[in-house]
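Q: So the chains spell out like this:
Number of protein chains: 2
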Amino acid sequence: MNQDYIKVDPWSIIEEGFDAKQVKSSESLFSLGNGAMGQRANFEEEYTGETFQGSYIAGVYYPDKTRVGWWKNGYPEYFAKVLNAPNWIGIEVLINEELVDLNTCKSVREFKRELNMREGWYQRSFTALLQNGVEISVRSTRFLSLDIDAVGAIKYEITPLNQDVEVIIAPYLDSGITNEDSNWDDKFWNTTNVDSEGSQAFIEAHTMKTNFATCTFMEAKLFYKGSPVEMKPHLKKTDSLIGLSYKQKVEKGEPFTLHKFGGYTVSRDHKESELVQVAKDALFSATTLGYEGLLQKQKEAWAKIWEMSDITINGDVKAQQGIRFNIFQLNQTYLGKDSRLNIGPKGFTGEKYGGSTYWDTEAYCLPFYMATKNQQVAWSLLEYRYNHLEKAIENAQKLGFKNGAALYPMVTMNGEECHNEWEITFEEIHRNGAISFAIYNYHRYTGDYSYIPKMGLEVLIGIARFWHQRVNFSEDKQQYVMLGVTGPNEYENNVNNNWYTSYLAKWCIDYTLEQLEIVKEICPKDYARIISKTNLTITETDDWAKVAGNIYFPYSEKHEVFLQQDGFLDKEMIKVEDLDKSDRPINQKWSWDRILRSPYIKQADVLQGFYFFEDHFSKESLEKHFDFYEPFTVHESSLSPCVHSIQAAKLDRMDQAYTFYLRTSRLDLDDYNKEVEEGLHITSMAGTWMSIVEGFGGMRILNNQLCFTPRIPKQWESYAFKINFRNQIITVTVSGQYTSFEITEGKELSIQVNDKPVSLIPGKVVQA
Amino acid sequence: MNQDYIKVDPWSIIEEGFDAKQVKSSESLFSLGNGAMGQRANFEEEYTGETFQGSYIAGVYYPDKTRVGWWKNGYPEYFAKVLNAPNWIGIEVLINEELVDLNTCKSVREFKRELNMREGWYQRSFTALLQNGVEISVRSTRFLSLDIDAVGAIKYEITPLNQDVEVIIAPYLDSGITNEDSNWDDKFWNTTNVDSEGSQAFIEAHTMKTNFATCTFMEAKLFYKGSPVEMKPHLKKTDSLIGLSYKQKVEKGEPFTLHKFGGYTVSRDHKESELVQVAKDALFSATTLGYEGLLQKQKEAWAKIWEMSDITINGDVKAQQGIRFNIFQLNQTYLGKDSRLNIGPKGFTGEKYGGSTYWDTEAYCLPFYMATKNQQVAWSLLEYRYNHLEKAIENAQKLGFKNGAALYPMVTMNGEECHNEWEITFEEIHRNGAISFAIYNYHRYTGDYSYIPKMGLEVLIGIARFWHQRVNFSEDKQQYVMLGVTGPNEYENNVNNNWYTSYLAKWCIDYTLEQLEIVKEICPKDYARIISKTNLTITETDDWAKVAGNIYFPYSEKHEVFLQQDGFLDKEMIKVEDLDKSDRPINQKWSWDRILRSPYIKQADVLQGFYFFEDHFSKESLEKHFDFYEPFTVHESSLSPCVHSIQAAKLDRMDQAYTFYLRTSRLDLDDYNKEVEEGLHITSMAGTWMSIVEGFGGMRILNNQLCFTPRIPKQWESYAFKINFRNQIITVTVSGQYTSFEITEGKELSIQVNDKPVSLIPGKVVQA
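In order, the protein sequence lines correspond to chains A and B.
Just so it is clear: in the first sequence, position 288 is 288 by the numbering used here, and no numbers are missing.
Just so it is clear: in the second sequence, position 151 is 151 by the numbering used here, and no numbers are missing.
These are calculated hints, taken from the structure and not from any lab test.
One should not assume that every hint holds.
Same chains, same label: a pair holds when it works inside one copy or across any pair of copies.
[As the list claims (entries may be wrong)] Listed below are the simulated BS3-like cross-link pairs for lysine-lysine, each with C-alpha atoms no more than 25 Å apart in a straight line:
1) LYS581 with LYS72
2) LYS398 with LYS65
3) LYS72 with LYS575
4) LYS209 with LYS525
Next comes chain A alone, as it looks inside the complex (with noise of 0.2 Å):
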């Protein structure tokens, strides 16, 4: 554990004192975020210190031009990346003429950040003496709102503790930022107009390139001895940045007020000329409402959340906040309420990983939504990737494919792909079945079966096509073989047959066949427009059943197992426990020739064949495939452990199950990887939701059944989570003796526990 500074606490994240040292990890720590903007938990005043600065809004991108050091061809020209938006909370603080820096102060004591995840709001606080000696103590407390997302709000107090002082505030706008990975120093942002109304102030400045137009704004409200104050600002403006500045004798012991609202309109939502007007009404609603006003309606939009989306656990205060903090930053990255935008790995807390879109959107996060949200959040999920058929019909072609054969791209944020490593760009093309598994598995967990003749099954058309013509028929073994992929495990590069993908590969070409006979029979009308649009014949859906029927899986008679691709047996089989210490992680320790060579896996392959298609194979076969790979799982992915944690639930190793859930559930909160100052890891977070519901809960859906087959780690008293179960609620709550049930919203319901039959009936709490 790392991060030992982070005080355990049920419903929030707590720092006490200042070290320089922990602010950019505290950075991504403390982030906040309401799905449509976010931000680092950046200091407002001044910071000269090392820090690492991010403001971001949703949907808006940058398309850098690629660098590589060999270019290979297919390779996209631009990468787009998620974009550091202009500075809204910059407020600059001085104290009889002395710039308030944390950096540069002659100390600082009680500091203390607060993320209230229960409430949705985050402090700082410090007492700071001033090289002039002067002693100040400032709160800081800042929310972005989630009632009217394009607004954030922060109360900024300061209150000179030894002497009277003048002080003067500036609250202000800079268009002026980088982005840390820049790959040529380009300039990402072009600043049109700087301007200001009275406490109000606006800079209007579009991305270069994608010619997204924002305007960035801030209004500010003075508050000396606890009344308002009317002020006029002196202005301070260059091509960049705005600033109002304000000046105010200060009595030792009395609280000096800004209340700062912020934040961005976009020309995704409005027209670029109205962007002004549109700020200025949600500057409005906002100040209408008051500072306390927004933050009690935060308050209550959390509580909702919560109401929801809540796991408790009794007897595990470390584990409680593991969860809350995943589920907090799950909610505060995406909600779900426009099909644009998706779930980026590091959501609004980091720059890293350029794109926002990963096959992670589909194997991890959908079910986190789909149950702790209503419907149409997953439909929204499923929705993009259809608004983004085309690009990735493209995107096949671009690799030779041809016919409408779609390849849906490793990273994006248009449906473009942003990725630039051969071995991942060209050959991780596992990303393709994830999304026609989604559409699989929206339908079983929400019984809605409209997505499919409206979009899906255009989207399962072209990727079966895109698996049809990727394999090639062998003439030594006879049978369909796939050659030149990489697996769920990046630790292999370029394998032939990469069991996991190959049998994806194979369901996703029988699951489309098989989708495409029930549209026929039930939606005519679908049918028929989506076989004209398509041109799918019948000879070409024979060819596809003739590619499912005869494709080449490795397997192992010996060990009675599926060999995760050709060759594997001929490594060196060292198990990881066996590895010497000094070689982990292997990822930071050995040359990239040496990983690709051992038998180390990175995170669940095989496996995550088996999680997805876990009623394909007995439990014998499962526990076969889990005693011969985990040994060689080193779990360098934050992707690993959670699909562990599931399977070794399953086969009623708890304990086991419960040291994956640890590394999944506090990776950043205990920094398991040492980087997260670079930002969080939000689609892994949703892993570790499945890790309880669908690991320690067993919740699957059976047969179009609900059904749990609950266990608990031996360290928890009882836990307790609710799952929206086709606009049912329930509330499940699991302890070392019983299970219980209860429907908080909806109808009967008949489930299955332990394989038994159990009725759920609304109010009544059943013990099963």
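Once you've looked at the hints, dock chain B against the given chain A.
A: Below, chain B alone, put in the same frame as chain A:
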């Protein structure tokens, strides 16, 4: 043939007519070099059109910070690259105050370039009508002296054709130059002193980081109407440029001539403090001889080179020009005087391929230098690698190898790895074997064993150790396997059990064990020294033997061929001839993943092994392998056709052999790959030489004896080459009717021709 503008001539490369689009290509084709320095055929006078400026000093490089898309552990942090050096050829010319610039003048006629390969000079002449109405003719001749290799000379003659004019001629030096392929636009040169003394000028500059100090120097001599003129120059001087400007009234029809002597002295060869003095000494020697005297020496030196290395072809002027161009460029690039130098793939003709030394040196260039130079030159090439042994051991350590295992770099300047593409840098390890093979080949050809006990055995041990550690034991196969390699065919990456690499590895170990026994026997002192230095134990060599005796080679019983790697037969085996033309070349038309999973071979892979170890396999087996692999070979490497030409000749398929020969011999002259403007393919030129001598001539060393199996393409009347075999100079002439041999230097020699013994006596022409 894309370069039809180059005239066919047996001894010269000639361009007639000015075409701005051809300037960059011609700058490559007409490049000059003398082993110590070189330069592209840039114009001396101002040229504002498209040009690629390049002057290079042998062994002077810069470690540019590596730039990659995604960093992989083990990548070198710096990438040494060939450095564009200060320009000493520049001459500014003003006619009645108008700057002569072929890009802006009214018209250019009678533009001609000639590279006289027999005598080693380059001449350019033209008549230009300037904007101001003056017509001038210019003739510029230059060469880089083989005699005083710090010095080059230019004779620049200007004759006004239609009126008397005022000429200002300003020879200059310029260190304000850049590299086209800089990664971060770093400044590579720091100029410390710019100075002049009468008609001499000097710029002292050193490279950043590597701190090579250089003095770039020049001296000007002027002649009017054929007589020397003494003039005081007007000085032009900046931080990084110095020019000596001379003004002269020139009558219509009279030549005004500048002799410019220039070049470099370098801290690699002299004390930094003496560089200016050494430069003055060199200028004194050069100017004492004078331009004509120095040119006379140049002709004599080249005559001597041709005397030994010329190949004559009767009945095919294009082929004659092609082979001479190859031989000429090899001699311009490397003369074997300095074992710190080597043969860069682009020689002194461009920047590409950053570092200078590839496995090309050992696999392709060594035979040429062994047979056309004295033995010391080949020794220097071997010594180069011996001197880099420590760095090769460090390089292996970085990748996790232990105990003195050595991995020579893929690309290097100073022994450090300079390549950063994981599938090549870390995996194209067969290069290591080529270095052992070169040691064997040197002994086989020269009969000189002394290199092995003195230096070679240590290299062999380091390499054997690498192979021993690089394989692992497959429990499944009960054999040693080599996973995750890239063979010579770079259209496959990260494959298992590449036959060529594994076979070479086995051979390296066997050969090293054999040499250990021999050195122990015949040089016990050296043996003791080496064993002590390397800590080699019996246990270790026993382990080596175990690996070499049980290494796995993929083999197809059905096809009776060794397989290029595991899984090769799973590919979709469509022959190259059945591909659509629009698919070729695949490296331009296909995405990288598609290339990788295709069966197409970039350059000889299994067949490279059959070339190296020809005596291990029957001709029938060669034929089977040739017929199996050649149809899938796209020859998209300049190193591919020569090996195929040699083997086709051996199989008596002379038409095919000749076709391959043509592709290799005029690769640059005819610009097959449409990239000659980036520089010439120097190392593959040695392959051309091999195609004639080993391919058509069938030269081999078998059982310590020189052997020939001569053949001749039906397109040729006869051809002749010379070789230095163990200090006997033998001329071999092959015609359709007979082959004749003559020893021009040396004593009696018994050789084999078509498997029959033939005795050669000095001075006597023997027909066989």
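Q: If you check each hint against the structure, which ones fail?
A: Number 4 - this is the single hint that the structure violates.
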